[in-house]
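Novice: Can you build the whole structure from these sequences, using the hints too?
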Amino acid sequence: MALNGIQIFKLTPKKNCKECGCPTCMAFSMKVAQGALELSKCPYMSQEALDSLSEATAPPMKTIKVGAGDNEYTLGGETVLYRHEKTFVSKTRYAVSVCTDMADDVAEAKLAEVSKVDYERIGEQMKVEMVYVNCGSDAPADKYVELVKKAAATGRTLVLGVKDVETAKAALEVCKDGKPVLNGADASNYAEMSKVATDAGVVLGVSGASLDELYDTVAALEKSGNKNLVIDTTGATIKETFANTVEVRRAALKNEDRTFGYPSIVNVSKLTKDDKHMAQALASVFTMKYGSIVVVPGMDYADALPLYGLRQNLFTDPQKPMKVAPGVYPLNGADENSIIVTTVDFALTYFVVSGELERSGVPINLVINDAGGLSVLTSWAAGKFSSGSIAKYFQEEIEGKLKCRKMIIPGKVAVLKGDLESKLPGWEIIVAPREAVELVKFFKDMQANGEL
Amino acid sequence: MPFNRKPQKFNASIREVEIGVGEKAIKIGGENVFPFYTFDGDLGNTPKVGVEISDLGLDNPVPGIAAYYEGCTTAAQMAKKAAEMEGADFLALSLEGGDPNGANKSVDELVAVVKEVAEAVDLPLVVEGSKNVEKDSELLPKVAEVLQGKNVLILSAKEENYKAIGAAAGLAYNQKVGAESAVDINLAKQLNVVTTQLGVKPESIVMNVGTATAGYGYEYVVSTMDRIKAAALAQSDATLQMPIITPVSSETWGVKESVSEEADAPEWGSREERAIAMEIETAAADLVAGSNAVILRHPQSVATIAKMIKELA
Ligand code: SF4
Numbered sequence: 002m003a004l005n006g007i008q009i010f011k012l013t014p015k016k017n018c019k020e021c022g023c024p025t026c027m028a029f030s031m032k033v034a035q036g037a038l039e040l041s042k043c044p045y046m047s048q049e050a051l052d053s054l055s056e057a058t059a060p061p062m063k064t065i066k067v068g069a070g071d072n073e074y075t076l077g078g079e080t081v082l083y084r085h086e087k088t089f090v091s092k093t094r095y096a097v098s099v100c101t102d103m104a105d106d107v108a109e110a111k112l113a114e115v116s117k118v119d120y121e122r123i124g125e126q127m128k129v130e131m132v133y134v135n136c137g138s139d140a141p142a143d144k145y146v147e148l149v150k151k152a153a154a155t156g157r158t159l160v161l162g163v164k165d166v167e168t169a170k171a172a173l174e175v176c177k178d179g180k181p182v183l184n185g186a187d188a189s190n191y192a193e194m195s196k197v198a199t200d201a202g203v204v205l206g207v208s209g210a211s212l213d214e215l216y217d218t219v220a221a222l223e224k225s226g227n228k229n230l231v232i233d234t235t236g237a238t239i240k241e242t243f244a245n246t247v248e249v250r251r252a253a254l255k256n257e258d259r260t261f262g263y264p265s266i267v268n269v270s271k272l273t274k275d276d277k278h279m280a281q282a283l284a285s286v287f288t289m290k291y292g293s294i295v296v297v298p299g300m301d302y303a304d305a306l307p308l309y310g311l312r313q314n315l316f317t318d319p320q321k322p323m324k325v326a327p328g329v330y331p332l333n334g335a336d337e338n339s340i341i342v343t344t345v346d347f348a349l350t351y352f353v354v355s356g357e358l359e360r361s362g363v364p365i366n367l368v369i370n371d372a373g374g375l376s377v378l379t380s381w382a383a384g385k386f387s388s389g390s391i392a393k394y395f396q397e398e399i400e401g402k403l404k405c406r407k408m409i410i411p412g413k414v415a416v417l418k419g420d421l422e423s424k425l426p427g428w429e430i431i432v433a434p435r436e437a438v439e440l441v442k443f444f445k446d447m448q449a450n451g452e453l
Numbered sequence: 002m003p004f005n006r007k008p009q010k011f012n013a014s015i016r017e018v019e020i021g022v023g024e025k026a027i028k029i030g031g032e033n034v035f036p037f038y039t040f041d042g043d044l045g046n047t048p049k050v051g052v053e054i055s056d057l058g059l060d061n062p063v064p065g066i067a068a069y070y071e072g073c074t075t076a077a078q079m080a081k082k083a084a085e086m087e088g089a090d091f092l093a094l095s096l097e098g099g100d101p102n103g104a105n106k107s108v109d110e111l112v113a114v115v116k117e118v119a120e121a122v123d124l125p126l127v128v129e130g131s132k133n134v135e136k137d138s139e140l141l142p143k144v145a146e147v148l149q150g151k152n153v154l155i156l157s158a159k160e161e162n163y164k165a166i167g168a169a170a171g172l173a174y175n176q177k178v179g180a181e182s183a184v185d186i187n188l189a190k191q192l193n194v195v196t197t198q199l200g201v202k203p204e205s206i207v208m209n210v211g212t213a214t215a216g217y218g219y220e221y222v223v224s225t226m227d228r229i230k231a232a233a234l235a236q237s238d239a240t241l242q243m244p245i246i247t248p249v250s251s252e253t254w255g256v257k258e259s260v261s262e263e264a265d266a267p268e269w270g271s272r273e274e275r276a277i278a279m280e281i282e283t284a285a286a287d288l289v290a291g292s293n294a295v296i297l298r299h300p301q302s303v304a305t306i307a308k309m310i311k312e313l314a
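These protein sequence lines map, in sequence, to chains C and D. Everything in the first sequence is counted per our numbering, starting at 2 for the first residue and increasing by one. Everything in the second sequence is counted per our numbering, starting at 2 for the first residue and increasing by one.
Honestly, I wouldn't trust all of these hints.
Stated by the list, open to error - Simulated pairs of lysine-lysine, DSSO-like, Cα-Cα distance not exceeding 27 Å:
hint, chain 1, residue 1, chain 2, residue 2
1, D, 10, C, 255
2, C, 407, D, 257
3, C, 255, C, 277
Rather than coming from a laboratory, the hints here were simulated on the basis of the structure.
Specialist: See the structure below:
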């Protein structure tokens, strides 16, 4: 919550000495409130005043960094509960779970699978970012350390789920350079765990038997000076976990309760045991509702394709439509002689059109124009998808790459046909139906008439 | 110092709409809290799950679906089997065969299928049209007529044909009207307003505010539902207090992740598992965003989503 000028003025020494460059302390306070001046421009602020101000002007939810090098991830820092208000800033990260209670070969097979999912989707690399290494309740420290070593070898950022202080210390010895999360503090051990985490320079995860206990533990940790935290909101049941996760985020962002202003860990794997499909459902639920790290029992392509797609959609700027890169997208095994369909770079248009074209089974080169990320009619109306822009793009970029000289344009811009034919000599311009759902039939008809 | 809970309690609530008749009738809506926010107040009726079958039967089914309906040769047999599915609250019959760009079945032919299905099952029925605006204006009023007394939900009336469909389903034959708009809160509101101006009672309207598969412009679905629930509850906007139904399967089974055979995409693994995951993960997201009912196809998806609702509610 930002302070207003009067509230800041109350904390100034009221000397009106002008050293800050302002005629009065009041004028200075007004400028600070507007964000035009830094508080540090006044050399006479007491430490106490500075502390209370930095507390009051701090963002509602802390930004916490975990992992190192290429595997460093930013968690939290959100300012809104709903994506239409403002862009969500820190993507949900997924951790595959292994545990000392698993047979060695099972755990190893899981770790080997972590790197399997790795693909690009609209400019974003999709993979499992983290591994959650859980320590069973009576596993000896050396057994846990062995598993941590194997998990670290995957190159993923680790989350250490361990409650025993000595075991945690031993595990951090072998992996602290990778800046793992030590998810081990609760009401019974937080002081010692906090020291272990701080000594190793890693983020501490806090859990509790209830929201009240969790709240008290976080407050105690903050008081002791550790604000490098994440909150494990996993409860005993799915219902409780959902409640905890929403309550924590809502307290921070809506009710300005900064004690809960930390990223979350939601352990879906713990809640679903062997029910793979329930894990899929819950991974989706907690991507929607406020999981910063979501721990899953595994991640194969079936799990990943909808989940990463969902995440990519959620964490987009609500003001800016998602765009795909202009260029040639060969579908159904198209080569340079295949027929060309062209449209705009609005991601939704691209997805709908490419989906229908794929369903047609016809080899097609889909050529995406730079239309400012707008839909067909909007970009046409804005002059960003015109016969001039299309002709220029085709002459400069496409004619050298593709041999086919038949271009299908969207039905909604049928008016461009004549202009395009005169601007692009040698090209045959064909008008597609107005709606994408009619494309499959359109191509079937073309095939039947021998036009392909 | 204990955690200071601040529940978001609203004076407004989502309207309760009943579909079907008799023992198996269902109610959706009725909540005055955000989706699954049980910690804030009363969820009303828990969201419901529907099983979708088609007048076209099975088209290139995955093994699990083929096995489930094995031996069924008529729509009535499929409907009976679907109604037994674990987790099924209602049956959704898609009349996609009516699409003039597809099988182009006649209205009479489709109405016969509708009758046959309605006689075979006692689960509440949702009838989905051909998705072609002109065909549906002719087809859906007939459907509403032959199903008089069954209290079915007709999907759907759109901006272009709400007059024909809304008047028949909502006024003449006393069914429930599905009002379909395309992922925009203002379009949803506008359609509800004009439909009620026709004389259709607000408590006879269920919205389909638009659907997408996760990854396919799904952010529009999320924001549309987020904003509609906020307007309905926090701002007491009575024109947006209708419950929401989301046909999930007709979207998710058409994307390449669900369509590509394993031979075409070997690294992706089993087509069936992919299609199930697309359906489950999209439906789960729809439900936490605000759907009061979802329509699914695969028995695994139906069972999982029904169980998830039970766990969360
Ligand atoms: S430097 Fe500080 S004390 Fe001096 S006028 Fe500015 S605000 Fe006031």
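Novice: So which of the earlier hints does this model not fit?
Specialist: Failing hint: just 3.
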